[in-house]
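J.: Each chain sits in its own coordinate frame; assemble them with the hints.
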Amino acid sequence: MPAATSGGKPENFFKTMKRLFGYFHGRRWLICLVVVLVIYSSLANILGTYFSGVVVINGLIDDPNSSTLVKQVLMLGGIYLAGVIANFIYCQSMVRITQYVIYKVRMDLVSKIQELPIAYFDTHTHGEIMSYFTNDIETLFMALNDSFANIILSFANIVGTIVMLFIINVPLTLIVIFFIILMFVYMFLNSKRAQKFFKVQQKSLADVNSVVEEELSGMKVEKAFNHEEESYKKFTQANTNWRNAAENAFFCTQMNIPFFVSLSYFNFSISAVVGIIFLCNGYLGAAGFGGLTSYLVYVRQSAQPFNFFTMHVNAILAAAAGAERIFKFLDEKAEEDEGHVSLIKISDADSFEERYAWSYQDENGKNMHIPLRGVIKFDDVCFSYVPNKPILKHVSFEAYPGKKVAFVGSTGAGKTTIISLLARFYPIDSGSITYDGIDIRDIKLESLRRAISMVTQDTHLFSGTIADNIRYVRWHSSEEEILAASKNSYADSFIRKLPQGYETILHDDGANLSEGQRQLLGLTRASLNKPPVMILDEATSNIDTRSEVLIHKGLESLMKKRTVLVIAHRLSTIKDADEIIVLDTGNIIERGTQDELLAKKGAYYDLYTGKRELQ
Amino acid sequence: MKRFSLWHFLKPYKSAFIIACLAIILETGLEISIPFLMNLMLDNGMKELSTSPATYEINLSYTLMMGGVMIAFALVALGLGILTAKYTAKAGRGLGYELRRQEYLKIQSFSFSNLDNFRINSLVTRMTNDIQIISDTFCQSLRPVLRSPISLVFSLVLAIIMSRELSVVFGIIVPLLAAVLIIMAILVRPKFVRMQGALDRVNRTVQESLVAMKLIRANAKKDFEIHKFSLVNQEVKKLGTASSTLIVSNMAIMQFMTYACIIGILYVGGNSALKLTPNQADVVNDMATFLNYVTQTLAALNMLSNVFMSLSRAEASYTRIKEVFKSTNEIIDNPNSTIKMKDGAIQFDDVTFSYSNDINKAVLQNVSFEIVDGEFVGILGQTGSSKSTLVYLLERFYDVNKGAIFISGHNVKDYSLKELRKNIAISFQSPRLFTGTVKENLLWGDSNATDEEIIEACKIACCYDFIVNKLPDGFNTQLGQTGSNVSGGQRQRLCIARAILRKPKILILDDSFSALDRVTEGQVKKNLREKLSHMTKIVIAQKVSTIQDADKIIVLNEGKINSIGTSEELLKTDQIYRDIYNLQNEGLKDACSN
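Residue numbers (my numbering), protein chains in the order written: chain Z, 55 to 669; chain A, 617 to 1210.
These aren't lab readings, by the way, just hints derived from the structure by calculation. Check before you lean on any hint, since a few could be wrong.
The calculated lysine-lysine pairs, modelled on PhoX-like cross-linking and capped at a C-alpha distance of 20 Å, are [as the list claims (entries may be wrong)]:
id	chain 1	residue 1	chain 2	residue 2
1	Z	K420	Z	K431
2	Z	K615	Z	K584
3	Z	K287	A	K958
4	Z	K387	A	K977
5	Z	K629	Z	K654
6	A	K807	Z	K166
7	Z	K498	A	K838
8	A	K854	A	K807
9	A	K1034	A	K1055
10	Z	K551	A	K1176
11	A	K942	Z	K288
12	A	K838	Z	K158
13	Z	K614	Z	K584
14	A	K1176	A	K977
So here's chain A without its partners, still in its complex pose (with noise of 0.2 Å):
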């Protein structure tokens, strides 16, 4: 728990931190002996010759020096708040560095299950607004939060210096007023997040409304889309107002409070003064001091209830965030490990595999083959077979349930996930590129790789062509987000040509030729077969004439083994490989007849 402390994130810039309060207390401490300054100049800086009518002598040479003391207090005080302005930022500012720095690298080191649970999404927010919010919240607060209750507790001590019999007023409300603030703040947080979540709401289904805009014109839901909104828009304005409400009366019962202090001090202070007719200016003076400190609390106060929302909602936000710092990683990596991959052989021994960690719920059921070092292998299955869960297993993106998988004569869990990983490469199912040029896109699947290792990977995937002959300014061309200028066809295979660059042991293309036309698709697999005879190919296909020609065929059906074998064999004996087989041949057929 303590690893999570805000505290925790603030250590890189503790002296920042620690300059800044010092600064804001001396400060505050400046500010509160001003009141006691005047008390002292209004005493002795002029004597009271008549009463009535009143008439006074001054004091010229000490009101003078005491006018001095307080421009040097001036002086102080402005040095003080700059330093106060610049560590407060220096802290501010580091903490949310530091804190989105250490929750990238806690997301970095989450599994891919832990991704699922999180969803994307609410990653990003976690990593973007939550942490504006809490950086600027303590930026904005330190100041008002650490000023409040030194100026309280500062205008107590005076007080009770100045005059036992007026202090008692500020006795009793002081702690009153602790009490209210502490009792409201109990009563703010969990209305506060409720309202939180029920504006995450309003977003999520705005965003969702105008990722599915064609779908919601197309369907003519435009009203239904309106009422839908306007039930979580109305929600959000219910726990708003019940949250806002309670928090503006913060303000009204503070100033109860002072306006009661005041009432209290002339009361007392004038019974007092009418006792003591002798000091009566003496304690007048007394009371204008304490009526001093009595606005300069309030004014503290008032600060701090107007900090007070931003500190529920960064609360609320740090909560999200320790959600992250939270969460186990269920995929336990062995960095220490020295075993090295050797080659490319795979053993699945009765592999089980369910994404709820609930066995009946499994996607993949006592799935047992082997894959020889260096073949070629062909996955097929109907939607929803399991087919892209099955070669995720390999790369430990998720670990089985049951079973165990070996590559190169070792359990996958043996292996450092670095290790695993370096020797796996994969093109996913759905091609994902990132900004930045071609060339920094290619070069992940190896920084290292020089220009013609680069090359020769994009002639094997059959994408040097168009890189150089077609794109605007060949491998230094920018792509946008996500790789959105280029087309499908042209993405998939930039992403195979990643994968290659990695030199792996296996290599794995899940449905990366669904937009290659027959003729590339025919070059890239006769590429891979001859230059890459070494590697161990896992392709999973939709179309039969991907994968006919593989060493071995593996057909999933419903998260099991259908059958393995040739295509020779499987025609023979898999009903469903020939299904497929028959249908997708039929149309050739008939135009090579025609």
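So that you can see chain Z by itself, here it is in the shape it has in the complex (with noise of 0.2 Å):
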């Protein structure tokens, strides 16, 4: 049953039901089927009302004949087993066409999702993203489940039914056509003020949702703190502002409900009154008792339609706001990728830079080859997040296989940014990045992505055992491989103690794991997957100093013929770096070899001294 109140206007209703119809696309004759078979169904019940009044009753008056009622009986049978074969008909439609949409929907979602660029997560937050695919979803699922073939179904019974009205007595039908425009003025009013009552219980919601969650997940802090009564008062707050905010809109919404009632009483025992002394009176005439009984099933059939159609149109109205949600989230502006350089395979060797090349045609169609190396450029590049904030200015640099640069600077000075500029999270304002001397922009964000290794501070994981984890960066990798790349990062004897090893299922993006567990992992995938350039972005921050070493000793066969970019929060790591970039807010201020940079006594000799804070 939907939702009493909607969750929201739409803002355009018929263009956006306009392109939730392009959903039915492949299913639009069913759909046909279906609204023609509701109007038959409703058909069925009206004229089934008809027939046992005015023809089987009055028959009976007039012609008292067992195979005329016998006769009857079966045509009456027949009408009405035909509406129930289309009941069953149309729901059965309806129920596939609804799964096939929402299908649709969702798949649109999730590749919307892939496609937007890493901007767009920065300024929206999952919850957001989130209440698509959980409330909107629901509401439209709800909507077209349930409420398209009803609001279509209860307005032809409306219809139909003050047509049978006037078809036996048009001033008698202008009683019923009176207490109809009533309800309808009732439910306008009424929804007016519902949908304020609604705001309010939203967000007392939403306010409750954010507590509980905030709660539960300091509830270890909470725990060790005692601070079970304090959090619980802040709770109760909410909780309880919710139930008062929830009571209110619901009572206002189920006002309908009595008011539709007794209108429909008095309705009916006008109608009555009046038609015993229309009948009495003989102004009923062919129609007679029958007609009379028949009119006043009618009378109390048409109250009914009402709150059901109020109901389905609530249901219509917040799904159409939550499609027009969606949409606009389909409408997003998708990742810039118009490059027309792509990564293909050339041989079945081993390494990464035999195997791949970068490929594209020149202006006579021809196919050309560059051999992937690894050599990264940065020429006087600068970006912004917002206008006018520049976070990078005039950064060049170049780094070449088999070389290792490392950058070091405090928060916020810009580090992590060039790794993500390299890997074109985010477009650069000027200057220029290139890989094997083609510029970023020109090579297809895929084959570019895969073209670098990236090992971040922040190691996810997704549902699934510790091997599938692994194997995410290289899907087809062997037991073997993972078992291999797992002693390279020494994480393999951490996974042997875990209860069911290689095995264990991980939940919540790995929620039981150590941080520096999670590290290994993270640094597990670098070793499986082998392109030429690699980033460290803080890869080992976790990790114990002496663990850190090892691991280091085992990702140096790794690095060896690689471009490695790092970036180290503990300056052990990097000291044999070919060269170490300094950032200061956005500029490089120092850069050298570790021994150069010592002898200046500058900036990274403060930070190595420990003079200065290194975040």
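T.: Okay, here's the thing in structure tokens:
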């Protein structure tokens, strides 16, 4: 049953509906069938009532004959049976159409998520995006599954009933029409009021949800600090607010029911009295006694679809508002990807560099190849997340295979930004970045990113086994390769100690693993996937120094022929870098090898001796 | 089992619930008597003068009287309807409130292993969506659920009073209908539970890909992710279709039954009308009334089949909530214990602990050591050597599997949890703050702390300067969720200050200096030593320099104690310590010699 209130109003109902109907593509004939069957189903009900009253009852009075009775009852049975079959078919069809549409909408949403620029996720919370999947899809589902057919059905019922009333007697029908108008007026006024209460309720619900979320995720701290009572107070406040707001909202929307019910009683009693007067004075004509009984059944029926109708209208409006939000999201601009150079496989060689090469078509349509090496050049790169707030100012550097370039600087200096730009997570403002001499804007995004391996401070893990999580970067890796990679990164020993070893299933982003263990898994991924450019962004920050040294030894063979860019918190890990670049508020302030920089006794020296805080 | 019935949570709103039910029952009664009144009106309000052509004479006063009665009914129904709405809202929202409250209290009583087992995300869902669904469903289905059976029974009784012959039709159809409904409910349920499971997987998959977006992009895994999602999406489509098609066939079945009822009445009634020619009009009138009941009952059943889906969904939610209530807490509190913690002396006696309760997977094995009150103890060890686990056992976040831990001479299990945790303060590895001002966050340590005490604690943790000088509103600066608007190092220092404010006997700092520079770290440590000399201080560290000057250093290796001693002793005897020491000091020496 749909909620009796709507979740906001759609801005452009018809445009949204038109687009939504686009999703019925391939099922259009089924939709037409549903509409026809719904109308028939309603008709069968209304005709049945007329038939049973006017034909059978009047027939009994006018022509008391057993065989006519049987004939008429059978005819009525036929009408009803067809109605039931129609109902069955349209309900089954509607379920399938709904599932089909919802499936497609979900797929579109997920594809969109994968296409959006990274910058989108900086300004929108996960909760916002999740609500398309939970709230909006849910209301859409309810509306399609339930309300679409029911709204046609109740509308057809209302119209059909009124038509039948007119056929029986025009003046009597006017009484009914009067009450129907009254109901519409009440519905209109009340829904305005309900909207207001509904908004307050949604706000209080969001509040209680966010309190619950924060308090539950901080539950361990709460326990450690015996903070139960204070937290409970805060929670109770939010919970009480929700109860009061939700109570008001529900009460207000439910007020439709008693008003409709009592208006329909009024309607019924007045119609009955007037009906009897009409019958006795002969105004009913041919309809007669059977006509009066059918008429009264119709009068009662005329009220029933109303509540139904309002309920479903609200559900459809809510769904349209939800669909509108979804479509707005789907219309967000996708990540720019207009490059024409792609990475293609040229041989079955083991090493990544020999297996792949850059490929593009020249003006004559000839396929050209550029060997994959891993040369990175930043040339006078400027960048800002927000206009006029530059993050990187005229940054230039070069990195070659077999060389290690390290970036050092305090938080906000722009270290992580540099590597984000290399992966084209954000577009640069000016200057250029090239990979093997090709401007990265000319490389297809997918190819560019495949040619870079990136290990960041936060290792994200998916629900699934440890092995599958390692395998993520190269899905077809064999078990031996995984084992070798985890030994290489020293993750093997802790994985073996987990309850099911490599087959241990992780939940909730691997919530039970320590920060250090997660980083070991991140490094294992990097040992499995070997493109020529490797980025380590604080990749060992939560691993103890002793293990870190071992890991670096393990990674050495990996790094030997590759271009390595490192951001590290602990300076001990970058001492062997071929070039150390010291960044300060987006400017390169010092560069050179460790020995050169220490000799200079400048910014790096201060960091190194602990005179300056490094975060 | 009885404790977890919904009724238990409805108790505080008992009177609202009873009023709502009574109002619905009375209102239904009124509605059912309408066709009965109509029957009387048509029987007695006019007299048949001749059959062909049919002419009638009116009994105006009777007709008007009955009309008046019906209008009176309408007014009463209005009042009852308003009562229904009011008290249904009260009871339904109250139910949601009480469920959420009790569930919150239950989760508060959970041990860390309970929390680990349930996982936070799933607990959040159980306290938000699941409760909302139950409360909504209760509000929306109370009326239809009560009305349908009453409507059925009343109709049956009135039908029998009016005509035995016609009620036979009812008598056959109604039990049949009830049987079909029950069978449906039984068939739909398991399908529905599976569908909900699949829906959870859909949402989880999206949530995970959002969290790991950069990883996905960096590895060019777009198509992989879309494919992965299409698999769960297809599954939910399949299961959704299976459960929904079953649910909607309900409607067709009910319609079929009702129509069969109408046909039956017309046929049986028609035949008896044919036999009883003198009282024909009466029989015909009765038939009309019967038809009225049938349509009325159909409407009620229709409403019921409409809430059917919500009911099964609410049940699935309720099952999930019940799991929370049913889980038993593994940590047994000793709330009435009067033992007070006198000092911060600690003794670990042959402690073995495993997260999975399987001794073979123990993360701590046969750990024994002693700490004297007031000592500064460092714990060092590789990633995964169970340093944090060791201190968690002190606070009884988990209970040991073997051996025992004593604080101030008493087993930790003999203290009340409140007393235990009051006297031990911890700054966690991942420094966590909450929405609210800086001051509110610090007051977690001690809600009665004076401003002087707060400032003192902040000075010890070296966060006073940045709070006053760098944060926009000083102590009143609002922190975002999880303290997102202060840097990692600032967050760590705030968490240390919060722990100090507790004035504990034992202070635990779990890797709490990792984002601090050497100068600040040195200052904090000096303050701890000088100003909090009476406290036992346990510091878990990655860097040797952090704990080099500790009274005692415990070196852990793969869940076992490698050795214990001062830095000087360990340099001579412990290989692991020496390795770490050399690695970390070599840089500094180079720098100084340069």
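J.: Would you mind marking each hint as holding or not holding in the structure?
T.: So, going through the hints one by one against the coordinates:
For the given pair, K420 of chain Z sits about 27 Å from K431 of chain Z by alpha-carbon distance, which is inconsistent with the 20 Å threshold. The hinted pair formed by K615 of chain Z and K584 of chain Z meets the criterion: a straight-line CA distance of about 10 Å does not exceed 20 Å. Straight-line distance between C-alpha atoms of K287 of chain Z and K958 of chain A comes to about 31 Å, which puts the hinted pair past the 20 Å bound. Restraint check: the Cα-Cα separation between K387 of chain Z and K977 of chain A comes to about 50 Å, which exceeds 20 Å; the hinted pair is violated.
Distance check on the hinted pair: K629 of chain Z and K654 of chain Z sit about 15 Å apart at the alpha-carbon level, within 20 Å; holds. Between the alpha carbons of K807 of chain A and K166 of chain Z the distance comes to roughly 31 Å, so the proposed pair goes past 20 Å and is violated. At most 20 Å may separate the alpha-carbon atoms for a hinted pair to count; K498 of chain Z and K838 of chain A meet this at roughly 13 Å. With a C-alpha separation of about 11 Å, the suggested pairing of K854 of chain A with K807 of chain A holds against the 20 Å cut-off.
With a CA separation close to 23 Å, the supplied pair K1034 of chain A and K1055 of chain A exceeds the 20 Å bound. Straight-line distance between C-alpha atoms of K551 of chain Z and K1176 of chain A comes to about 14 Å, which keeps the hinted pair within the 20 Å bound. As the CA atoms of K942 of chain A and K288 of chain Z are separated by approximately 25 Å, the hinted pair breaks the 20 Å bound. This hinted pair checks out: K838 of chain A and K158 of chain Z have alpha carbons roughly 17 Å apart, not beyond 20 Å.
Between K614 of chain Z and K584 of chain Z, the direct Cα distance comes to roughly 11 Å. Compliance with the 20 Å bound is thereby established for this hinted pair. A hinted pair counts as satisfied when its Cα atoms are at most 20 Å apart, and K1176 of chain A with K977 of chain A qualifies at roughly 13 Å.
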